[in-house]
Structure formats: C-alpha cells, structure tokens
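So the protein lines, in turn, are chains A and B. So the first sequence is residues 73 to 273, counted in this note's numbering. So the second sequence is residues 12 to 721, counted in this note's numbering.
Among the hints, a few may not be true.
To be verified - Using C-beta positions, here's what the derived DEER-type ranges look like:
#, chain 1, residue 1, chain 2, residue 2, range
1, A, E175, B, E257, 41 to 47 Å
2, A, D234, B, D237, 47 to 53 Å
3, A, E175, B, K205, 37 to 43 Å
4, B, A246, A, E175, 32 to 38 Å
As the list claims (entries may be wrong) - Facing chain A, according to a computed beta carbon distance under 10 Å, are these residues of chain B, among others:
#, residue
5, V170
6, K205
7, L232
8, P236
9, K260
10, N509
Derived by calculation from the structure, the hints in this document are not laboratory data. The structure displayed is predicted, hence computed values, not measured ones. Don't be surprised by glycine CBs; every beta carbon is placed ideally from N, CA and C.
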Amino acid sequence: MSKKPGAAQALHKVIMVGSGGVGKSALTLQFMYDEFVQDYEPTKADSYRKKVVLDGEEVQIDILDTAGQEDYAAIRDNYFRSGEGFLCVFSITEDDSFQATQEFREQILRVKNDENIPFLLVGNKSDLQEKRKVSLAEAQGRSQQWGVPYVETSAKTRENVDKVFFDLMREIRSRKIEDKAASNGRGKDRAKRKKKKCIIL
Amino acid sequence: MSEALAQHFITEEFTPEKFVKNLSSHCIGAEDLRHQRAKIQELADSISALLKLNVYQNYNQFIETAKEISHLETEMYQLSQLLSEQRSLLSIFGTNQNIVFENNFEIKSPTSVEFQFKEEESKLKLIQLLENVEGAMSLLETPGRMCLYEGSLLELDPVEGLPLKRIHAYLFNDVLMIASWLANGNRRGPPRYKMQVIYDLQSLAIVNIKDLGTVKLAFKLLSFPDTRVFQCTNAISKREWLEKCEQAKKLKIAQETQLKPIHTKKSTKMELLYTVSQSKYSETGTVGNNKIDKHHFYEPFPEWMLEVTEDLDSCIAQRHFEKAYKLIEKAKVFVNNALPTPQLNETTLKINSRSYFLINVLTRELELSVEAKSLQGGGLRSARRAVKLLIQMDHTAQACQLYLKLCSASLKARLKRVKREGTTVPYIKQLSAIAFSNIFELSQEFLKIFPQITNCASALVLWCSHEIKFLVSHLIKQMFIPQVSLSVLVECIIMIRNHCKQLTQMGMDFQYQLDNQLKIPLSRTLQDTGEKYMDAIKVRASEDNWKLSNLQTTQNFLNLLAELDNLGIPLPESCIKNKYWISLTNNTLAFAKLYIGLLEDCLNLITPETSNVIEEVLISVLQIQIQHIQSSIFNCKFKQDKNLMQDNAKYFHDVIIGRCLELYKSVIGYDFKKLLVLQEKFCFETISISNKPRPVPRTSIPKYSTTEFI
C-alpha cells in the first residue's frame, strides 16, 4: 500500500453528468477508445481510467460516466462527491437537456460546497446543426452566468472531444495546485476569499 | 532345494562365514561352487521380487486407507453441517416463539398468513447465513430482509488497483454487507466472517469499472467518503453482482412507491414488511388499534391439533381404531373451519396419510381374518368392527368385497365340518340345510352391516349366487351316482329346493339357478331310470302267464285294496271275482304300483325345463306295458284268458291312465296331452277291438269309469 508511485502520477477524477441520451457515454468512449457508438444503451454507472499526457506530464484520468436517470438522490450525491471535475453535458438538439443542466449544476455545487469546482458546460451533438434547439448565445449566456467555459462538441466527429477532457483536467490540476498551496499556508485566506465571494453573490 | 536353503538362512545361528566355509568344504571344483552361487542368486532374486510385491501391497492398502479416511472426513464434515443447521433451526424456533408472545398484536390478514410463512422461511435462511458472520445478528432485526446474493470478492486499492484482501459480500434486499474473513484455526467447517460495514442501497453508488488498465472484472462502490473497488473471480460473477444490485435497487424503489399510499390504507404486505417494526415503537396507540379491528388474530393450532398425528399413530398402533377414526374426523372438521396456512396444509397432508394408513391397517386386518384357519364365528364378529370403520371412511366397496370373502371363508369352514357319514340322503340333507341357513344368516348379517347401500346389495346377490352354484355343483357330484335311486334323488332335490326357498324371505330367489344346474344330470338320470323300468317291464312281460291274482287271505285282500286306494288307483268291483281272487294279474298290479311311484317322483321334480323329458319317460314306460297287453290280446296262446286281459286293459285305460292324467293336471295345471292321445289310441286299438266297439268319452274319464263299472 505504498502511495509513493501513486503520488508521482496524478489522478484526475472527471464525472460526466447530464440528462439521459445527450451523449455522455459517447463522448467518454470517443475519448477513451477513439470510437463512436451509434447504438444507444442507457448507462448505469461506468468508470474508465486512462493514462494521458497533459502538457508534457503523464497523468491518469478517471472518468465516471453516470446515469442520466438516477432514482436515489443519495446515490447521485455519492457520485458527485467522488468527482474532482465535471463535464455537464446537454444536447444542442434538445432544450430539455439544456434546462436540466441548471439542476445538475445546483446539485453539484450543493454536494461539493464549492463555487469554483472545475466545471465545463458541454453542448454535444454539434454535428446536428440542422436540429439545433439550443442557440449558442443561450448556452454561452448560461456559462457566463455560472462563470464556466462553454464548449460545443460532437462525439460523432470527435470535434472538441479531447479539448473538453483536457481543459477540465487542466482546471482540476490548477485547482489541486491551488489547494496544495492553500493547505500549505494560505488556507485561511482562501476560505476568507471564498466566503467573501459568497457574500458578494 | 532353494527352500531348504532359505530355511537355512533364517535360522538364528546362521553365520555367513561358517556357511561359506561349509560350502567350500563340501563342493568339489569350481563348477559346483558356481552352481551353488547360481542357487543363492536365484533365491536372492525371488526374495527381492517378493519384497517388491509386499511393498506394492502395502502401498495399495495405504492408498485405500487414505481414501477411506478422506471419505470419513467428508462424512464428518457433513455431519457437523447438519448439526449446525439443526442448531440454527432450534434457535429459530426459540425466537419465533418469542415473537409470537411479544407482539400479540402482530396482525395478519388472511392472505398475509401465507406471506408470514414465507417471511419466516426467508428469515430462517438469513439466520443460517448470518450464523457464520460475527456481529451480523443485528441484521435480523429488520423484518422481511432477505439475502439476494452473496459471494467472495477481492478488494483492490481504488487508486492503484492492487489487491488488498479477500472479503465476503452479502447483498440483501435493502443493504449490502461487507464482511472480512476470520482466520479459521480449524480448517474444516464453514468459513467464518466478521462484519465490516453495511451500506444502505439507497445511498450506495455502484459503478461498473469498464476500464482500469490491467484490472479486469471489477466494480466500485461509492459511499462518501469510502471508495472501494472489488474484483470478481469471473465475468459471470461480476455480471450477477451488478444485475442483482440493480434488481435490489429497483425492487426497493417499487416497494417505496407502493409504500406511500399504503400508509393511509394500512392493509397490505408491504406494510408488514416495513412498518410493523415502526408501528411497534412509534405508532402504537391509534394505528395499532385500527389494525386489530381490521384483521384477525393469527391463531395457533390448539394443542390437540398439534399432537394429532402422534396421537393417531399411537391409536392405530394400539388398535384403538374407533378412537383414531374419531380423531381423524375431528381434525378434518377443524381443518375445514380453519384458515388455510402452510402449517395447516402440512397437517392436512399428515392427517390424510394417517387415514390412508388406518384404512390399510383395517384392510389388512380383514384380509388376515380371511386367511385365518380358525373361523369360529369370532372372525366375522371382529370383522364387523373393521368393516364398519371402513364404511365410515368411504371405503364401502373394499369393505364389502373383503367382508364377502370372509363370509365365503367362514361358510367353507362350517361346511367342512359336515362329515360324510352313512347314506346320501342325510348327508345331502345336512349339508344343504347348513349351507343354506348359513348363507341366509350371513346375508342377513351383511344387510345389517351394509344397510341402504345398493351397490353392496348387488354384490351380496352375486355372492349368494356364486356360493349356491358352488354348493349345488358339489351336491350334484354327491347325488347323481348310480347307487342313488330316483326316489332318493327326488327326496334330496325337494329338500334342497325347500332350503333354497328360505332365501326368498330376503327377496332372493335362486331356484331358477338351482333348477338350471340340476337340469342336465337330472334329465340323464330320468332317462336312465326310464330305461331301467322298461327293461324290467319287458322281463316281466315275457314271464307273464295271465293268471288271476289270488291273495289267499282276507287280510291280504284288504291290504291290497287299501294300498291301491292310497295310490289313487282303486280296484274296480268288477275285477273282484271271488273272495280272494281279482281279475288283475300280478304283473299289472306290480306295474301299477311302480308306475304311480314313478309318476309321483317325476311330478315332484317337474319343472318347465324338464317336463319334456319327464313326459317322454312316462309315456315310453307306459307304452311298453301297453304293448305287452296288446300283444298278449292278439296272442292265440292266451285265447282263453281274453276276459282277464280285457279287465286288465280296462283297468289300465280307466284307472291307471285316468289317475295319471288327474295327478298330472293337478300338479302341472294343464292336461297331459301325450297321455291323452295314448289313452285314446289304446282304447281304440285294444278295448274296442277285443270288446264291442263303443265311443270313448274323451272328457269325463272318472264318470265313464264309474258308470261302466258300477
């Protein structure tokens, strides 16, 4: 149980959230294995791990592909608690899935109790422009409101797939460094700053 | 030679040096020595072979013993498992009883009684399961909990994927329990575990690890702050685990959605599953009272009912059959009125099997008494008891059959005691009397035991018929032998008929059967008798010298008159010639007596079936005598005796044939037509020719005879 080698290689835990059928698993599988799965089969909860090179550093990414529908809030909370960063996915062809992101965001914030949790709003199925229901402006508006990046992807064409994962990993990495620094001495400050921000909001 | 050598080696004082010295001193030349050497070599070879064989045998024995030991070992293991099972069963009984007494208001709706049993059963399994898990007995407190899946898993480090330790996991319908292995000093017996942690399925996130580098067949549990990874032994096991977990979760959700409306209704199974425990502690007051109003109490069996099977066994064993029957009936009534529960069903099955057993015992009893040698009537009396019980238990047909068999046996035994002594008549008389009166008695007894059962009545009729048939065939063998005359036979047959008539009192008439059986031998005997008579008549006719009969004394004369009067063939006055002389020959008188006797016998026997034969016999016998008279009349040798012959012929015509016709008509009810024809012919041919011709009045024979002779 020596933790030395593990500590050498960073592990970033990413969680895919979003309504059912928006393409969470498709994005994950495209990222993991460079393949697009046409058949839809609802996911229960699958976990993947991959070694990637992030800005010249070899790290591991742990992806938890969650179910769009989870009956027990407590179970969903347990998923969220285990994550360090979130890809909140919706389908640009489905407005409901976009609306649902609001709820996911709230739940994540509640569970993680952290406004600055690494978080990306992902509009998937960008290859289906003709079926677009959610406008770019609308999505961007929401991401700005939350203070998170918005990226449009296509699991089918692999457009921006690597980008969302890598962007999120970078955020996670920077957060970890920040936290390390904070726990090393500026913990109080950070807590203060956070508190302040909450008050302002 | 080599054996002698071997013996030599075995001896205690054997020393190699001495042996060699001896050998070399005895042997002459190198050849002999070589020969000795070869011998010793041979011995050594055979000994080493023997040694090998020995070793091999020992080795085989060792293997067998080892096998036996391992066999015994498994047996011991099984035994210990059985013991532990029994122990757990006992402990369940203990706890169940406590539950019954503790929660008197643990109410069950009729449908839920069965459910309760299911629950108990699953609880039983649970107890067996958790027995091996230290510290897990608290899991038993939740009602309705059952184990859906269990298995050993390998826990991995969640980050590195390195194996940590082996654990045993139990999936229940509501929780997942992880238990660690306990070092088991004794390597036999079931493995022991120690409960580690319980995860509520409502909050446990189970993640299928699809890709963890080199780690395969793993899944992850997320229950903040724990993240645990477990590895399954194979793909099937992993799939089962995930599927079962998903099932459990779905089941729980389904139950919860059902549970909500139930809280207001308070009457289904789910409530029992999940709210009984709550209601016990929190909602006691009002809710509890409502429940009591709505449901029955679960009533345990009364004490006698619990012991009914044992009691039945002992009753049957002690041959208290009536008591056993009453107990069965009582139990059946109870079962019919009670609510159906598995326990009840089981008891019903047991009771049914006991009642079959009882029937078997009773049947066996009857069968044994049929076979028994000594049937002093007690057999039947004791059988009555068994038969009555069998009838009560709806086995009437069987009882009837067995009882009739018993009747047959008893009848046979009684008839065997009738020894054949002396003449035929008393034997036949006694035998048929005893047989028929016994059949009568047995039938009466039978009707008493089987009243109002029509099937049995027909069986009785058949039985009687069979018995009578058997009896009559025996009697026929005894009666129809040459030594027995027709008159004796007639006496016997009449007697048998009379005995047979007894049965008509019970509405059974077997006379037709009797007659039918008698018909063939009887016809033969009749014909034989007829022939015998004819032969005798011929002999006497040839010796006939046509003389008046001289009775010599008045006494003889009067005796004859009385005798003939008795026979219905009175002597006409015209025939009395002198003081002791009558104008009838001895031959005629003898024939008249004989013939009337034959006629009476025949008429006693006559039945519609035999009437033909009888008539033929009677006619042919009479014809022979008539022929004799006729031939005598036309015989010149007896010319001077013509008057005598006329008188004889007249006597025949008027008195004998007349009497025959009269008797026949009085017995049978109609005229003996053949005889009438014969009479007419006789009259025409004999009397009219020899005498002055005159018309014969056909109808009034008595009148004719009187006017003619007076």
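Right, here's what the structure says about each hint:
One distance hint, 41 to 47 Å for the beta-carbon pair E175 (chain A) and E257 (chain B), is violated here, with the actual separation near 24 Å. For the pair D234 (chain A) and D237 (chain B), the beta carbons lie near 32 Å from each other, so the given range of 47 to 53 Å is not met. The hint said 37 to 43 Å for the Cβ distance between E175 (chain A) and K205 (chain B), and at roughly 42 Å that hint holds. Checked against the hint of 32 to 38 Å, the pair A246 (chain B) and E175 (chain A) passes, with Cβ atoms roughly 36 Å apart.
The interface hint given for V170 (chain B) holds, since its Cβ lies 5 Å from the closest Cβ of chain A, which is under the 10 Å cut-off. With its C-beta approaching chain A no nearer than about 20 Å, K205 (chain B) sits outside the 10 Å limit, and its interface hint is violated. Annotation: L232 (chain B) was flagged as interfacial toward chain A, and the flag holds, the nearest CB pair being 9 Å apart, inside 10 Å. Interface restraint check for P236 (chain B): the shortest CB-CB distance to chain A comes to about 8 Å, inside 10 Å, so the restraint holds.
The interface hint given for K260 (chain B) holds, since its Cβ lies 7 Å from the closest Cβ of chain A, which is under the 10 Å cut-off. Given the 10 Å rule on beta carbons, the hint for N509 (chain B) is violated: about 99 Å separates it from the nearest Cβ of chain A.
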